[in-house]
Amino acid sequence: MSLLTLRGVGKRFSSGTQALSDLSFQVSNEEFVSLLGPSGCGKSTALRLIAGLIAPDSGEIIWSGARPELAFVFQEATLMPWADALTNARLPLDLKKVPRGEANSQAAAALARLGLKGFESAYPRELSGGMKMRVSIARALAARPRLLLMDEPFAALDEITRVGLNDDLLTLAREDGITVIFVTHSVMESAYLSSRVLVMSPRPGRIKAEIALPPGPRDRLSPAFAAGQARVAGALLAVA
Amino acid sequence: MKRFVDILLPLLLGASLLGFWEWFVAARQIPPYVLPAPSAIARAFSDNFTSLMASLLATLSVTVQAFLAALVAGVSVAILFSQSRLAERALYPYAVILQVTPVVAIAPLMLIWIGFDRVNAALVLIAALVAFFPILSNTTLGLKSADFNLMELMRLYGASRWQILWRLQLPTALPYLLGACRIAGGLALIGAVVAEFVAGSGTATGLAWRIVEAGNRLEIATMFAALGLLAFLGVAIFALLSAVEFWLLRRWHESALARQS
Ligand SMILES: Nc1ncnc2c1ncn2[C@@H]1O[C@H](COP(=O)(O)OP(=O)(O)OP(=O)(O)O)[C@@H](O)[C@H]1O
Ligand SMILES: [Mg+2]
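For the record, the sequence lines run as chains A and B.
Residue numbering for the first sequence follows my numbering, beginning at 1 and increasing consecutively.
Residue numbering for the second sequence follows my numbering, beginning at 1001 and increasing consecutively.
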């Protein structure tokens, strides 16, 4: 079942940059969709449009039903340095004025799901880059989102940390039945995570290719995974 | 060992300077109304201890009241600026004018307006004017320095502007504000001293007035004692505000963390 549809969405910034023109795609419930494209093609802009942080100046974004609960994860962990991990993870709940006790237990549960049990009272600067990103994802999950928007969340992490986070993210998204729109520069990452990869053209961005990948758990060393990865890479090279 | 040297070295230097001073005054037979010996200053200090302490308290009280007034006013106006671009554009030039006009020049006017019967209020206002601007400008800068992504994230989660102010902008501004406080504490003391000088004798009772009065009577040793107390007060205010800053930022801010290892 469809969750949201972008139809002919265009965005021009007041600086005069036409970031997007005629961007159209559809996302289904509980799907994991990756957006892949050259730097500056408008991927971040597309996510901010979907989040409602900026408005499109042409086309429309159509939700089937009410706009679902959203969460956002940035490339940097963007944690509050003055607050410990628990307070950071609790942020969406605090903003919604969830009672403190309930918010604490939900946030602690979210941290535990990301393997951060025991780090509730650690401050961001006491955590490694990977752990900070885990707190950031816990904060997103604490909001109990139906749709999770992620903007190159693991780009700044090393390969091993990234692989671990990829696996955890897949498990968590499946468990909660969350729809994910995932911006990345990594062919391997998009091929590993997604059920569908949307490849965008250089600015002004639009969808140039769509690669559907076979469902189910993936083995990074299998020939089938290599084949999927090759298809994504081929589509990306074709637009570059 | 390093700390030991850090403390011992200045102390040793100070002690030898005092020793030289004592010897120099005695050897050259310098009259006490030009340069009193340290021993004479110490005697003047103990002879006038009660009245000097009363003066110290008077200056301290003006300084503290002025500092608190500047803090409240500076933070309030900075919050107003952060909430309304219009208010900032309209008011900021006046804040700058207030800042660049020398207080000594405004002080007599303040005294006349507020009245010599309420001299304490006038002193506090003059000193607060000096301390106000660094708090305003630093807090304004701090409130504007909030992480843009965090701000968008909070908006996405439905935060009101007050929630953004309270949970994001004010914590971001805290290190800026505390840095400004350290400067403003010293400025409030300078402002209090200037105000006392302008108010003149008979009305003011603080350390600055004691310096003027002792000078008029050629009691140079008492003058030095009051001067020493003033310097001590300045250092104490600075040290206290630095300690508050360190304590508030010790868990998260780079400036405080650099001191831990
Ligand atoms: N707030 C803004 N104001 C003006 N121009 C902007 C703004 N945000 C983005 N742009 C411009 O829009 C274009 C698309 O930017 P966007 O950040 O969406 O690209 P991106 O695909 O996310 O790139 P990257 O992969 O490097 O993150 C760029 O040319 C950028 O300079
Ligand atoms: Mg981007």
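Just so you know, these hints were derived from the structure itself, not from any lab.
Even for Gly, the Cβ is constructed at its ideal location relative to N, Cα and C.
Any given hint might turn out to be false.
[As the list claims (entries may be wrong)] Below, a sample of chain B positions facing chain A; criterion: calculated Cβ distance under 7 Å:
(1) P1010
(2) S1145
(3) M1151
(4) E1152
(5) W1162
(6) I1164
(7) L1170
(8) W1247
(9) R1251
(10) S1255
(11) A1256
Tested hints:
1. P1010: Nearest chain A Cβ about 33 Å off; hint violated.
2. S1145: Cβ of S1145 of chain B sits 12 Å from chain A, so the hint is violated.
3. M1151: 10 Å, violated
4. E1152: Result: holds, 5 Å to nearest chain A Cβ.
5. W1162: 11 Å, violated
6. I1164: 9 Å, violated
7. L1170: Violated: closest Cβ of chain A sits about 10 Å from L1170 of chain B, beyond 7 Å.
8. W1247: 14 Å, violated
9. R1251: 6 Å, holds
10. S1255: Violated: closest Cβ of chain A sits about 12 Å from S1255 of chain B, beyond 7 Å.
11. A1256: 11 Å, violated
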